[in-house]
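S.K.: Chain residues, written in single-letter form:
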Amino acid sequence: MYAQVLTFGAAFLGSAVESVEALTIVLAVGLTRGWRSPLYGTAVALVSLAVLVLIFGQLIVTKVPESTLKLIIGTLIVLFGLRWLHKAVLRSAGVIAMHDEDKSYADTVGELQGTVARQDWIGFTIALKGVFLEGLEVVFIVVAVGGTSGGLPVAVAGGLAAMIVVAAMGLVVRKPLAQVPENTLKYAVGLILTSLGTFWVSEGMGATWPLDFVSVFGIAVIYFGASRVAVMLIQRRPVPA
Amino acid sequence: MRFIRAAAQEVVGLFVGDWAQTLLSVAILAVGWLALSRIHVIGLAFVVATALAVQLVYATTVEARKRARAH
Numbered sequence: 000m001y002a003q004v005l006t007f008g009a010a011f012l013g014s015a016v017e018s019v020e021a022l023t024i025v026l027a028v029g030l031t032r033g034w035r036s037p038l039y040g041t042a043v044a045l046v047s048l049a050v051l052v053l054i055f056g057q058l059i060v061t062k063v064p065e066s067t068l069k070l071i072i073g074t075l076i077v078l079f080g081l082r083w084l085h086k087a088v089l090r091s092a093g094v095i096a097m098h099d100e101d102k103s104y105a106d107t108v109g110e111l112q113g114t115v116a117r118q119d120w121i122g123f124t125i126a127l128k129g130v131f132l133e134g135l136e137v138v139f140i141v142v143a144v145g146g147t148s149g150g151l152p153v154a155v156a157g158g159l160a161a162m163i164v165v166a167a168m169g170l171v172v173r174k175p176l177a178q179v180p181e182n183t184l185k186y187a188v189g190l191i192l193t194s195l196g197t198f199w200v201s202e203g204m205g206a207t208w209p210l211d212f213v214s215v216f217g218i219a220v221i222y223f224g225a226s227r228v229a230v231m232l233i234q235r236r237p238v239p240a
Numbered sequence: 000m001r002f003i004r005a006a007a008q009e010v011v012g013l014f015v016g017d018w019a020q021t022l023l024s025v026a027i028l029a030v031g032w033l034a035l036s037r038i039h040v041i042g043l044a045f046v047v048a049t050a051l052a053v054q055l056v057y058a059t060t061v062e063a064r065k066r067a068r069a070h
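Taken in sequence, the protein lines are chains A and B.
Residue numbers 0 to 240, in numbering that gives the first Met the number 0, belong to the letters of the first sequence in order.
Residue numbers 0 to 70, in numbering that gives the first Met the number 0, belong to the letters of the second sequence in order.
Just so you know, the hints here were simulated from the structure itself, not pulled from any lab data.
Don't take every hint at face value.
[As the list claims (entries may be wrong)] With a cut-off of at most 25 Å between alpha-carbon atoms, the simulated DSS-like pairs for lysine-lysine come out as follows:
1. A:Lys86 - A:Lys128
2. A:Lys62 - A:Lys128
3. A:Lys128 - A:Lys102
4. A:Lys128 - B:Lys65
5. B:Lys65 - A:Lys174
6. A:Lys102 - A:Lys62
[What the hints assert, rightly or not] Okay, the calculated bits of chain B under chain A, using three or more residues with CB under 8 Å as the criterion:
7. 23–35
8. 38–52
9. 58–67
By construction, the Cβ of each residue, glycine as well, lies at the ideal position given by its N, Cα and C atoms.
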């Protein structure tokens, strides 16, 4: 039960964050150069991502033994989650700038100004590249978390639900979703993934956790505590003259 | 070709920000594997989690210091 909820949550939140970033790119291209080509680009990217989920999801679920899966994919999830947590700590401490969708949107629009041909390959390519590259992280989260927990359909549902919600919000507001607390979401996803990854990789190594899956919450407390300590240490450091 | 290169960089970038930090995390997991496969004590894996958490504190503070010096 907890595993399914966390699997859905990780896929939903991770997908939501990346969908917001992809939506910003598509909106910038669509509103600047017209909608036809960027929508084709988006469709091609989404189909490609779905194919990746199908191929890798099937491979992982059917071909890889459970302990190997937990060991290898667990390690990758830990590394992936630590990357997100690392950035979240630096953002929280003010070392790197918070991700700003308004700025990303303005930058993309600035790059796209100019005459538009009937078949707009630039619009098509930028939307395709943006959605595909942002979507790769979603594919990893869905396949890795879903495959390892044995809940691939739950993870796929979480990813799809987030994409639909974000796309619907984009349709309604027709501007970048700058109000979405993207950095906080990334912090939460980083915490969830690092904790799940640590749980699974340790099980793959032969470890036994007290209270089984409930231990994930204990691991999350450790990582959350460490991330807050890191933010505090960075903020307390005197600025060099 | 540029698109494939960007996709490959994106995939590697999913797991690796700084190679030294990534190798340190992998080393912690490798030592943890060695210990967990020999010592069967319930909850010992929390030590691995704590070591990774300490690594996170170390890596972020080191990067913050580097960035402060660079400015």
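S.K.: Lys62 (chain A) and Lys128 (chain A): Cα distance at most 25 Å?
M.R.: 30 Å, violated
S.K.: Hint check: Lys128 (chain A) vs Lys65 (chain B), CA-CA at most 25 Å. Holds or violated?
M.R.: Violated - the C-alpha atoms of Lys65 (chain B) and Lys128 (chain A) are around 32 Å apart, more than 25 Å.
S.K.: Are Lys65 (chain B) and Lys174 (chain A) close enough, with their CA atoms no more than 25 Å apart?
M.R.: 36 Å, violated
S.K.: With a cut-off of 25 Å on the C-alpha distance, tell me whether Lys128 (chain A) and Lys102 (chain A) pass.
M.R.: Holds, because 19 Å separates the two Cα atoms, which is no more than 25 Å.
S.K.: Going straight from one Cα to the other, do Lys102 (chain A) and Lys62 (chain A) come out at no more than 25 Å?
M.R.: 44 Å, violated
S.K.: For the region 23–35 of chain B, do three or more residues have a beta carbon lying closer than 8 Å to a beta carbon of chain A?
M.R.: holds (count 6)
S.K.: Taken at face value, is the distance from the CA of Lys128 (chain A) to the CA of Lys86 (chain A) at most 25 Å?
M.R.: Measuring from Cα to Cα gives roughly 23 Å; hence the hint holds.
S.K.: Under 8 Å between beta-carbons, do enough residues of the region 38–52 of chain B, three at least, approach chain A for the coverage claim to hold?
M.R.: With 11 residues close enough to chain A, the hint holds.
S.K.: Tell me whether the statement that chain A covers the region 58–67 of chain B is true, taking a Cβ distance below 8 Å and needing three residues at minimum.
M.R.: holds (count 8)
Figure legend: structure checked against the earlier numbered hints; hints not met, in rising order: 2, 4, 5, 6.
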